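Start from chain G and add chains S, B and C according to the hints.
One-letter residues, chain by chain:
Protein chains: 4
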Amino acid sequence: MLRVYVTVVGGSVERNENVLKIAEDVGMYIAERDAILVCGGKGGVMEAAARGAKKAGGITVGILPGVSRDEANPYIDIAIPTGLLHARNAINVLAGDAVIVIGGGPGTLSEVGLALAYGKPVVAVKGTGGVADLLAGKTIRGSRIHAAHNPKEAVELALKLALGNRFDDF
Amino acid sequence: MLRVYVTVVGGSVERNENVLKIAEDVGMYIAERDAILVCGGKGGVMEAAARGAKKAGGITVGILPGVSRDEANPYIDIAIPTGLLHARNAINVLAGDAVIVIGGGPGTLSEVGLALAYGKPVVAVKGTGGVADLLAGKTIRGSRIHAAHNPKEAVELALKLALGNRFDDF
Amino acid sequence: MLRVYVTVVGGSVERNENVLKIAEDVGMYIAERDAILVCGGKGGVMEAAARGAKKAGGITVGILPGVSRDEANPYIDIAIPTGLLHARNAINVLAGDAVIVIGGGPGTLSEVGLALAYGKPVVAVKGTGGVADLLAGKTIRGSRIHAAHNPKEAVELALKLALGNRFDDF
Amino acid sequence: MLRVYVTVVGGSVERNENVLKIAEDVGMYIAERDAILVCGGKGGVMEAAARGAKKAGGITVGILPGVSRDEANPYIDIAIPTGLLHARNAINVLAGDAVIVIGGGPGTLSEVGLALAYGKPVVAVKGTGGVADLLAGKTIRGSRIHAAHNPKEAVELALKLALGNRFDDF
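One line per chain: the protein sequences are G, S, B and C, in this order.
Residue numbering for the first sequence is 0 to 169, as defined by numbering that gives the first Met the number 0.
Residue numbering for the second sequence is 0 to 169, as defined by numbering that gives the first Met the number 0.
Residue numbering for the third sequence is 0 to 169, as defined by numbering that gives the first Met the number 0.
Residue numbering for the fourth sequence is 0 to 169, as defined by numbering that gives the first Met the number 0.
Keep in mind that a hint or two might mislead.
One copy or two, either will do: identical chains are not told apart, so a pair holds if it fits within one copy or between any two.
Unchecked claim - BS3-like mimics (lysine-lysine), calculated; alpha carbons at most 30 angstroms apart, straight line:
#	residue 1	residue 2
1	K151	K54
2	K137	K20
3	K137	K125
4	K20	K151
Simulated from the structure, these hints should not be mistaken for laboratory data.
The structure presented is a predicted model; accordingly, all values stated were derived computationally and were not measured.
Only chain G is shown next, with the shape it has when bound in the complex (with noise of 0.2 angstroms):
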């Protein structure tokens, strides 16, 4: 009850090797200060985040869209079909107590902005394009979208301020 949980959002169909490189440091890095990995549970970026959290021997979780765990990466431990379609994109978030953002594109987007709905700090990793290059750094009324120029200063940076936050305002 007393781990810290991570959130890693980004693009299911991302190819880019070295996107994905990222992606799967910053996994690595969760599961190393042992904190548990929350994800979408598909391919791309949470497929290779999740492998590098299991590869650093950490706990995934997976919020799945649809009504089948058979959707999951075979790096998710936990994995939850939600059958909510793209509105489990909320659960995805306020699942993690901060969110680290690689690459992305439009279910990325609203994931960006659900998290800072609910108050929930939110690392953005530069160099990885899409969602996160367009908004890392950015304020969005009086929400910080905070910019991490490597996988483990995102993860660090995250850590940093989930502890720092406090979630019951809502």
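Leaving out everything else, chains S, B and C in the frame of chain G:
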């Protein structure tokens, strides 16, 4: 059943009079074109748009985050409490055949992402600040946020895109 | 904003003509009393109730499980696709100030439970089979499923209970 | 990925010691059979079942209605706040390959309906009161609520039905 639904998203705490006037005009044009206005049902941009639609004799629907109809603004005809908190944003955009963005903060950002994820046409009104100005004209992994320069152009573009859109491809 | 909303729940595949006639009459009485009819928007009991309401000049709202408005029956004025699959049942009952149960299977059973959980008055029409007959008159941990013997009694009781109910206690 | 998940549903305010002992034993047998226990994460039956699973070295998942992990009982390993209030019941049952019912009130009633609607096997433990005794052995429009007479029988039956079930037919 054959009427078009247009969702208007934007900040619930918007106080800029120019932006609220734009929202009201957007609501008015939606009603004049016999489309049904959908919004999150609360204050700020949502209330201004709903007021505009009612002045023009239109129909307004509010998809509320909480459990009580009482949180709807006074210009909502059909108020639907969802009890889903920010996850209701997914329904708000799914209920529209197109989405118009006016200003807005984190919640609005999530609605743009969810709308694109569901394949909905999105039109942002330039000059209204917030998320609308941040994203107007941008393309996110192949999904365009169309820019409009005034309320009339926004509504005409939204209706044109709505009629050309097919959303059976989830 | 001051109108009462009544949700009608029951089987989407109901084929018993007597039960469908009862559903149609319930819809008619709801409309005659100037209440707004809410339902799941699909076939069977939902379609019959919506048809009855439209014949009497009422307003009908359909809260749909899928992502497309096309799944609504032809008697729905305001069709809201939710993309939540069976989780939309929670919204369906939350959108009503009272819930009337006619026949019904598993989905209807869930709606009775969700309605009681949200503190909504529930009225089951006896003699319509399924969940309605199973639960009419029963009390579940202090929450009563009221029994009615005909459409008129069901609507009058639902309206009376709706007006006496306060649902601000979640 | 190959482990079976079993959801346990029942009243969050259950105080009957016999019923709580049954819930604890159900949790214990689930863990002994290497299945993952899913529940709503709160008190009463959920807490007793999670405690039983932890005593036997199992893994427990709590799908919470609110926005904070703090509402989880102390025996939950993976706590997922959903922010969906009672709509989270749909996820709670969807995350299990079978559902065991112990006592329970309105929320539990909704979970039985949602489980059947999603095609999940449902087993009710007789003699635990509430929804379990109301529905054990009943068939609702072709969907059976199986009856078990003790914790061991409930878990064995749930596992057998889970393995024989295919849930790709939504």
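Outcome of the hint check:
no.: 1; hint: K151 / K54; verdict: within (16 angstroms within a copy, 36 angstroms between copies)
no.: 2; hint: K137 / K20; verdict: both (25 angstroms within a copy, 27 angstroms between copies)
no.: 3; hint: K137 / K125; verdict: both (12 angstroms within a copy, 18 angstroms between copies)
no.: 4; hint: K20 / K151; verdict: within (12 angstroms within a copy, 46 angstroms between copies)
When the structure is compared with the earlier hints, no violation turns up for any of them.
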